[in-house]
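Can you build the whole structure from these sequences, using the hints too?
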Amino acid sequence: MHVMRLSSVDGYIAFDLDDCRVNAGGTRLAPDVDEREARLLARAMTYKFAALGLEMGGAKAVIRGTGAQRAALMRRYCEEIRPMIEAVRFLTGPDLGTFEADFAPLRRPGETGVMTQPMDGTSFEDVLTGFGVVVAAQAALGTLDGATIAVEGFGKVGGGVSREAARRGAKVVALSTLAGCVAKPDGFDVETLWSLRARHGDALVHHLGVEVRPTAALFAVDADVLVPGARIGIIDPARARTIAARVVAPAANVPYVAGTIDVLRERGIVALPDFICNAGAVIGYVSNDVKTHADMLRLVEERIGSLIRATLDPRTGSFAAGCAIAEAFLRKWRPAGGLPAGPPLA
Numbered sequence: 341m342h343v344m345r346l347s348s349v350d351g352y353i354a355f356d357l358d359d360c361r362v363n364a365g366g367t368r369l370a371p372d373v374d375e376r377e378a379r380l381l382a383r384a385m386t387y388k389f390a391a392l393g394l395e396m397g398g399a400k401a402v403i404r405g406t407g408a409q410r411a412a413l414m415r416r417y418c419e420e421i422r423p424m425i426e427a428v429r430f431l432t433g434p435d436l437g438t439f440e441a442d443f444a445p446l447r448r449p450g451e452t453g454v455m456t457q458p459m460d461g462t463s464f465e466d467v468l469t470g471f472g473v474v475v476a477a478q479a480a481l482g483t484l485d486g487a488t489i490a491v492e493g494f495g496k497v498g499g500g501v502s503r504e505a506a507r508r509g510a511k512v513v514a515l516s517t518l519a520g521c522v523a524k525p526d527g528f529d530v531e532t533l534w535s536l537r538a539r540h541g542d543a544l545v546h547h548l549g550v551e552v553r554p555t556a557a558l559f560a561v562d563a564d565v566l567v568p569g570a571r572i573g574i575i576d577p578a579r580a581r582t583i584a585a586r587v588v589a590p591a592a593n594v595p596y597v598a599g600t601i602d603v604l605r606e607r608g609i610v611a612l613p614d615f616i617c618n619a620g621a622v623i624g625y626v627s628n629d630v631k632t633h634a635d636m637l638r639l640v641e642e643r644i645g646s647l648i649r650a651t652l653d654p655r656t657g658s659f660a661a662g663c664a665i666a667e668a669f670l671r672k673w674r675p676a677g678g679l680p681a682g683p684p685l686a
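Offset between the sequence shown (1-based) and my numbering: plus 340.
Everything labelled a hint here was simulated from the structure, so no lab data went into it.
Incorrect hints may have been included.
Simulated restraints on C-beta separations [claimed, not checked]: (1) Gly608 x Ala634: 31 to 39 Å; (2) Gly608 x Pro445: 46 to 54 Å; (3) Glu419 x Pro577: 27 to 35 Å.
Note that CB positions come from ideal geometry on N, CA and C, so glycine has one too.
Quick look at the structure:
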């Protein structure tokens with residue numbers, strides 16, 4: 341792995357397979373990102389590409405900053421990475437804290453496609469990511485009709501997860517934001533949540549008429565599906581012992597700390613591989629021949645659903661089976677000495 345220190349902003353780009361010609365991954369902006377986070381996220385991207393059968397190296401950029409600084413930081417960053425973009429050494433797009441509009445200086449004039457077209461007023465990339473997570477959860481459970489779901493975060497992806505889960509008959513019984521966690525056994529109205537989010541941001545949890553508990557309370561809520569949707573390493577072995585869900589379907593990258601998978605498996609909880617659950621946007625970006633939102637959603641449903649079903653091996657567990665799929669593909673095109681040092685675990 342090679343990590344490049346950025347000169348125009350306070351941040352890094354990590355290249356997991358440092359001899360790979362084409363590398364890709366999002367650009368994350370937050371006040372507390374660091375080199376370790378970039379490394380872990382780049383490894384997750386390598387496994388994501390491999391699970392999808394793509395000969396690409398995983399990469400990830402992280403920039404320290406706040407939302408108020410975003411416009412200026414992203415202008416400088418885009419100018420710095422332009423040569424790598426033009427050489428197809430590094431391909432990037434939105435991640436936590438960044439948006440498609442931030443990358444406009446890097447897009448070719450007149451560049452269009454289904455991924456650049458919003459759906460229902462929302463970035464289609466975010467729609468696809470949330471959609472894929474719900475597809476993964478349904479593949480694990482068999483159906484979401486009547487299922488209960490707890491979602492960490494109600495932002496770009498978490499809101500989409502909630503809306504799609506409700507469309508399939510699930511009830512969102514808990515959600516958390518930076519402002520706290522709320523739970524309601526008979527479920528929240530998702531469209532009300534969207535409306536409150538638009539008006540109050542993370543503070544929406546204080547406008548639902550229910551008790552607001554600490555954010556971490558989400559992980560102990562009794563639900564069929566838990567969707568970790570924030571930062572890396574959110575589920576460690578201690579937290580894994582308190583989870584009450586049947587299935588963990590991550591929207592976030594690298595949510596599991598080393599040792600967590602074994603704890604969840606021993607407790608009979610299905611820990612789905614994050615790098616497959618949240619691969620919807622990658623499928624979208626590499627499927628250039630798909631011209632409509634509806635066709636892309638069908639493709640993501642087919643690809644993620646089939647991959648998740650292939651991981652549902654009770655002998656190894658879903659996460660390990662997903663890693664085996666990715667690693668088998670990596671061995672087909674990488675030299676023996678050029679394989680990743682291990683799976684994406686914090």
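Status of the hints after comparison with the structure:
1. Range check, glycine 608 to alanine 634: about 37 Å between beta-carbon atoms, so the 31 to 39 Å window is met.
2. For the pair glycine 608 and proline 445, the supplied restraint of 46 to 54 Å holds, since their beta-carbon distance comes to about 49 Å.
3. Range check, glutamate 419 to proline 577: about 43 Å between beta-carbon atoms, so the 27 to 35 Å window is missed.
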